[in-house]
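Following the hints, put chain P in place on chain V, whose structure we already have.
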Amino acid sequence: MRKQPYEPPAQSVFGQIVDAFIMLALVLVTLYVPLLLKLAGGGTTTSTFDNPTWETLGQNATMATQWEKLGFDPTSAAAIIGVKFDYAFSWIGFAVTAAVILVYFVGMLRWSDKEYREVIAERFDDDRPSA
Amino acid sequence: MVDLAHPATPAAAAAAAPSATPSRVALKRVLGPAHVWGLGVGIVLVGEFMGWNFAVGKGGAIAALTACWLAGILYTCVAMIDSEVTSTVAAAGGQYAQAKHIIGPLAAFNVGLYLVMAYTMLEVSNAIVTGDLIEAFAHNMGLVGDLDKRAFMVLTIVFLAWLNYRGVLATLTVNYVITAIAFAAILTLFAYVRPWAPGEVTKHSDLLTGLPYGGLGILAAMHFGLWFYLGIEGTTQAAEEVRSPARSLPLGTLTGIMTLLIAATLTWYIGTGLMPWEYLGQAITPLYDAGRLTGSAPLEVFLFVGTLFATLASANGCINDASRAWFAMGRDRYMPVWFGGVHPKYRTPFRSIVFFVPIAILFAVSTPLDQTITFSILSGLLGYTIMAIAVIIFRRKWPLGSINRGYVHPLHPLPAILLLTLCAVTYFAVFLGYGTQLLAMMSFYILASAWFVVHRYKYCRRGEQFTMAWPKPRGY
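So the protein lines, in turn, are chains V and P.
The first sequence begins at 1 in my numbering and counts up one residue at a time.
The second sequence begins at 132 in my numbering and counts up one residue at a time.
With the rest of the complex left out, here is chain V (with noise of 0.2 Å):
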């Protein structure tokens, strides 16, 4: 026999203006104020130049050609070769990330299961044979 279905509860306009603006805010928070802060985005380290030249910042004659006909002269240029990414991490950093990441998947696949059976439950009946 098949579950009774589920009959969901009627939710009010503003209701739904909040839950519109719990995910404007959600994003806002998450996703945009770590970039606002500068928390978030390239880990890099910068080095300085004194007076640079094309030599000093490892640039050949065809790469100092090129730099020029991009309109950088040795100076502006120093500001862009002098980032560099920082691949040095910590295990523990790592560890965490791979953590976060693996328990998102196993708690939605969990929850999603969860869920689904109750879908399955509403949709099929007991006696019907699977797949």
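Everything labelled a hint here was simulated from the structure, so no lab data went into it.
Heads up, the beta-carbon is just placed ideally off N, CA and C, and yes, glycines get one too.
Each hint should be verified, as a subset may be incorrect.
[Said to hold, decoys possible] Computed cross-link-like contacts, DSS-like style, restricted to lysine-lysine with a CA-CA straight-line distance of at most 27 Å:
| hint | chain 1 | residue 1 | chain 2 | residue 2 |
| --- | --- | --- | --- | --- |
| 1 | V | Lys-38 | V | Lys-84 |
| 2 | P | Lys-589 | V | Lys-3 |
| 3 | P | Lys-603 | V | Lys-114 |
| 4 | V | Lys-3 | P | Lys-603 |
| 5 | V | Lys-114 | P | Lys-589 |
| 6 | P | Lys-603 | P | Lys-589 |
| 7 | P | Lys-334 | V | Lys-69 |
| 8 | P | Lys-334 | V | Lys-84 |
| 9 | V | Lys-3 | V | Lys-114 |
| 10 | V | Lys-84 | V | Lys-69 |
[Unchecked claim] On the chain V side, residues computed to face chain P include the following (Cβ under 7 Å):
| hint | residue |
| --- | --- |
| 11 | Tyr-6 |
| 12 | Pro-8 |
| 13 | Leu-35 |
| 14 | Ala-40 |
| 15 | Asn-60 |
| 16 | Thr-62 |
| 17 | Met-63 |
| 18 | Ile-81 |
| 19 | Val-100 |
| 20 | Tyr-104 |
| 21 | Asp-113 |
| 22 | Tyr-116 |
| 23 | Val-119 |
[What the hints assert, rightly or not] Derived Cβ-Cβ restraints for the label pairs, each shown as a range:
| hint | chain 1 | residue 1 | chain 2 | residue 2 | range |
| --- | --- | --- | --- | --- | --- |
| 24 | V | Ala-98 | P | Arg-478 | 42 to 50 Å |
| 25 | V | Thr-65 | P | Leu-542 | 45 to 53 Å |
| 26 | V | Glu-68 | P | Gly-298 | 43 to 51 Å |
| 27 | P | Leu-318 | V | Glu-7 | 55 to 63 Å |
| 28 | V | Arg-110 | P | Pro-429 | 58 to 66 Å |
| 29 | P | Ser-497 | V | Arg-110 | 34 to 42 Å |
| 30 | V | Ala-99 | P | Arg-605 | 29 to 37 Å |
| 31 | V | Trp-91 | P | Arg-605 | 39 to 47 Å |
| 32 | P | Arg-478 | V | Ala-95 | 46 to 54 Å |
Just chain P now, kept in the frame of chain V:
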């Protein structure tokens, strides 16, 4: 591209079909492999004009090429798996509907959010590039005075949202023409740099510098390597409109990936042969810059037009797709039903379109391009991870022979395992240099999931979420 009165894609059909009824809108099966190929290449081509070059910044030019090919393998797995699932789960709504039928409501809610966030952040990225491109072009053409690029970013988002709101969308044909012009710009540039005469225009021998970050740079470059192909899986969304899904979907998608692999390699060849890797690794408009470096004014203008067309066509499609996904979630009550409203005159999901305009503008005017691209890539990556898990669950719940499949992908579960492995590598690649952004994105999805479980799901009907005429899944 889509009017809800006459849905042209399964996503639109999902939007048009009330979730309360199990019947679905039947779409005309008119598309062949060539259409599937064109759809895929058209969606992704913008990735050749911008964004891919950040892979050069993360690992150097050689690492970027390696990442490009590794990402090609990842997307081949995606295409194989998605071809089977989409040609079998003929419920409208793409990956979102598939997750509902195979995994469960919370997973479907997350997949819907992945789609919305990936498309919205791609739209933001397109708007940023449009603003930067117009500013650079005006400057290079010697225009007196300063332009505020943020004005063009806002204008791009508002204008395209308005087009979507009115339903006066670029048709697939117009998008094909725009894409063809953009593709012609790449081919023209490639011919102009005379690849048959190395050293004449391109200077690879002097500009290629090996691996500035060593082997770790190859892994790190995988992060932006995905950008070469991100969105190609959208081809399988046309499953209901394809004449022979079993043949057309894998054929069209895999030839699309091969085309993109060639286009990506050409793009890489041009970019790395004309620009020092440090510049290329942070350029906003690398192909336009390459056009400038050839010294040909007509070619520079052609690359300007090509980049502009590619970004506008992509942004237009993104607004269309993100709003349809959000709208479908509203209709299913995963989001407030208010978002499921259709405009009485224009027959468009106007509330879903308008809702994302302020978010897109905020990110466009104040966020660096590499970070909006990273948000888009991460949402896509989470979707690919779920895809690999879903196909394993799918084969367990409905083994081969228990239901009719449009296409059966070979060597199961190897593609799923390979896809999961490459996804894990890419998470690590994002962690290198963008670890806090990865955690920020995970926080968003975890909090959104908690909100769905604790609060939102009580408004959803249960049994009506399963609409396929299949036997009961094994084990339930």
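Each hint tested on the structure:
For the suggested pair Lys-38 of chain V and Lys-84 of chain V, the alpha carbons sit about 17 Å apart, so the restraint of at most 27 Å is met. Taken as a hint, the Lys-589 of chain P and Lys-3 of chain V pair is honoured in the structure, with Cα atoms around 17 Å apart against an allowance of 27 Å. Of the pairs offered as hints, the one joining Lys-603 of chain P and Lys-114 of chain V holds, with about 16 Å between alpha carbons and a cut-off of 27 Å not exceeded. This hinted pair checks out: Lys-3 of chain V and Lys-603 of chain P have alpha carbons roughly 14 Å apart, not beyond 27 Å.
In summary, the hint linking Lys-114 of chain V to Lys-589 of chain P is supported, as the alpha carbons are separated by about 14 Å, within the 27 Å threshold. For a cut-off of 27 Å, the pair hint linking Lys-603 of chain P to Lys-589 of chain P stands: about 24 Å separates their Cα positions. Proximity of Lys-334 of chain P to Lys-69 of chain V is assessed by CA-CA distance (about 14 Å); at most 27 Å being required, the pair is judged to hold. Between Lys-334 of chain P and Lys-84 of chain V the CA atoms are separated by roughly 23 Å; this keeps the pair inside 27 Å, and the hint holds.
Restraint check for Lys-3 of chain V and Lys-114 of chain V: the C-alpha separation of about 15 Å stays at or below 27 Å, so the hint holds. Annotation: proposed proximity of Lys-84 of chain V to Lys-69 of chain V holds, straight-line Cα distance about 23 Å (limit 27 Å). With a cut of 7 Å, the hint placing Tyr-6 of chain V at the interface with chain P holds, because the nearest CB-to-CB distance is about 5 Å. Evaluation of the Pro-8 of chain V hint against chain P yields a held restraint, the C-beta minimum of about 5 Å falling below 7 Å.
The interface hint given for Leu-35 of chain V holds, since its Cβ lies 5 Å from the closest Cβ of chain P, which is under the 7 Å cut-off. Proximity of Ala-40 of chain V to chain P holds as hinted, the smallest CB-CB distance being about 4 Å (cut-off 7 Å). Nearest Cβ of chain P to the Cβ of Asn-60 of chain V: about 6 Å, under the 7 Å cut. The hint holds. Given the 7 Å rule on beta carbons, the hint for Thr-62 of chain V holds: about 4 Å separates it from the nearest Cβ of chain P.
This hint holds: Met-63 of chain V has a C-beta 4 Å from the nearest C-beta of chain P, less than the 7 Å allowed. For Ile-81 of chain V, the interface hint holds, since its Cβ comes within 7 Å of a Cβ in chain P; the closest pair sits about 5 Å apart. Annotation: Val-100 of chain V was flagged as interfacial toward chain P, and the flag holds, the nearest CB pair being 5 Å apart, inside 7 Å. Among the interface hints, the one on Tyr-104 of chain V holds; its C-beta lies about 6 Å from the nearest C-beta in chain P, closer than the 7 Å criterion.
The beta carbon of Asp-113 of chain V comes within 6 Å of a beta carbon in chain P, closer than 7 Å, and the hint placing it at the interface holds. Annotation: interface hint on Tyr-116 of chain V holds; nearest CB of chain P at approximately 3 Å, less than 7 Å. A least Cβ separation of about 5 Å between Val-119 of chain V and chain P falls short of the 7 Å threshold, and the interface hint therefore holds. Our hint of 42 to 50 Å for Ala-98 of chain V and Arg-478 of chain P holds, since their Cβ atoms are close to 46 Å apart.
Roughly 50 Å separates the CB atoms of Thr-65 of chain V and Leu-542 of chain P, a value that falls within the hinted 45 to 53 Å. At about 49 Å, the CB distance of Glu-68 of chain V to Gly-298 of chain P agrees with the hint of 43 to 51 Å. Remark: the range hint 55 to 63 Å for Leu-318 of chain P to Glu-7 of chain V is upheld by a beta-carbon distance near 59 Å. For Arg-110 of chain V and Pro-429 of chain P, the Cβ-Cβ distance of about 60 Å falls inside the hinted range of 58 to 66 Å, so the restraint holds.
Between Ser-497 of chain P and Arg-110 of chain V the Cβ separation comes to about 38 Å, which falls inside the hinted range of 34 to 42 Å. Our hint of 29 to 37 Å for Ala-99 of chain V and Arg-605 of chain P holds, since their Cβ atoms are close to 31 Å apart. The beta-carbon spacing between Trp-91 of chain V and Arg-605 of chain P, approximately 41 Å, falls within the hinted interval of 39 to 47 Å. In this structure the hint that Arg-478 of chain P and Ala-95 of chain V lie 46 to 54 Å apart at CB holds, the actual value being about 51 Å.
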